[in-house]
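Student: Using the hints provided, position chain B relative to the given structure of chain A.
Letter by letter, the chains look like this.
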Amino acid sequence: MLEMLQFPFIQRALVAGILISTSASFYSIFVVQRRISYIGSGLAHAAFGGVALGLLLGFSPVLTAIPFTLIVGILTVYLQEKSKISADSIIGILYSISVALGIIFLALKENYTADAYNYLFGSILTVNTDDVYISIVLFFITVFVFLMLWKNWAYATFDREMAKADRLPVLRDDYILMIMTSITIVVAIKIVGVILITAYVVIPGSFSRLISNKFRDMTFVSIAFGILTSIIGLFVSYELDLPSGAVIIVIQSIIFGFTLVLNKFRFNS
Amino acid sequence: MDVALKVDSLSVYLNKLHILRDLSFELPVGEYMAIVGPNGSGKTTLLKTVLGLISATDGRIKVFGNDISEHNSKISYVPQVKTLDRTFPAQSIELVLSGLNKKWSFSISKTEKKLAYEMLEKLSASHLADKQLNKLSGGELQRVYLARCLITNPSILLLDEPATGIDLVCEKSVNHIIAEYNKNFNTTIIMVTHDWSAAYHHTSYTLLLNKQQVYFGPSDKAFTDLNLQRTFSHMGHDHGIKFGLKEISNA
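As given, the protein sequences belong to chains A and B, one line each in that order. The numbers in our numbering rise by one with no breaks, and the one at position 137 of the first sequence is 137. The numbers in our numbering rise by one with no breaks, and the one at position 152 of the second sequence is 421.
Just to be clear, a hint being listed does not mean it is correct.
[Claimed, not checked] Taking lysine-lysine and the DSS-like style, the derived pairs with C-alpha atoms no more than 25 Å apart in a straight line are:
#1 Lys82(A) x Lys285(B)
#2 Lys400(B) x Lys383(B)
#3 Lys151(A) x Lys404(B)
#4 Lys164(A) x Lys84(A)
These are computed hints drawn from the structure, not numbers from a lab. Only a predicted model underlies this, so the values are computations on that prediction, with no experimental measurement involved.
Next comes chain A alone, as it looks inside the complex (with noise of 0.2 Å):
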């Protein structure tokens, strides 16, 4: 098994892989805690406008797709906070928009079922140099932001009112969070794919949550959690040759289910 660490490939999609389940995992725990992966599911959707854009014009589907889901990601943070209309209802318009542009944009190619199909189910074999050091840059920005913010968005997780009420700046730092919930979404397409980038974003988190006690441990519980799963997941795809994101999503549901059962017969008993 191990080598299959001599090819490059493999090189690439490990340490991208590691780096981006370490943000995906990290974001998950306040996706999940605040109750919003309908959100990750809406950025993943509008993240498939962004890729077909990007498929269409010859351009680096991350780059065409980032900017695509960081507008749905702010519109959806900014309409929460004006409109009177529901979060889950604006992000079911938004993403629906983004996902008909998509699909109007992947009809305008020709050729297109190779390229789209690696970006909707995840694909090793498409992680490429910019792609690792996307994730470089993606794993710094999520490690300041940790340091930076962790303290700020636990708080506000627990009591958005009492956080406001303290005089924390909520608002500017559910933007951030957005944010970051965006791009890490974008970047972890390739590996993950489109369709099953939400269970990427939510599962860690539910996991750390069945078995932590405090919302720190729930952090790491989350990362280390997300790390592992996405290693074994690239050797599994690698060696039966399946799409890395379901074999990844596969593995995570198993622990998931498998904690979820155990922790009912703990309580039960």
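Tutor: This is chain B only, laid out in the frame that chain A set:
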């Protein structure tokens, strides 16, 4: 007379609805005030306006003679117990320290731990320090929230229905703790409550509210039949509300 809280012609509109209409009162330092009114009377809105979470549409609020933003660190707030997100993984000590640090604690120093334990001890709740928040009863949680506020040594303590969601024994004990704290530390306390009896027995001032100010003044003169009818009844009929002050006074 030093004034802790001055509310001057305060009106608040939210989503084009008139929630508070032309309130004006002055609460002296060290007093314990109850805000009493039916559901939807604007009690929590008033509390949130004092906290600076909601902006006044008209009028102004002064805390110790200054605008709210300048004196925020002196105001501490106990939300309703029922608003707690019980899925959030946390221990009581972390909640207490969030009052001190105004952020969530990533790690807890020995000094912080000692401070939190001392404060919980004062509220007979130090045994709760390492307990999970979702395992606490309403009364226990109320004590932890109180410890969270008192650790900051606030000049004004705002309480949103502290007796809601806790049993009668705990309620009496929490009411007693708050009254004692008010007496011992000269802290100004403002409590939103449905409980006329608690307001009558424990507080020195009462604001009767039904979107507009029905009464502001000493609590022992607040609960007349007429005032309560004006506070709790719809326009035009009185629901036959009587406070029964005599029975309470004789008891």
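Student: Each hint should be assessed against the structure and marked as holding or not.
Tutor: Hint check results:
no.	hint	result
1	Lys82(A) x Lys285(B)	holds (14 Å)
2	Lys400(B) x Lys383(B)	holds (16 Å)
3	Lys151(A) x Lys404(B)	holds (23 Å)
4	Lys164(A) x Lys84(A)	holds (20 Å)
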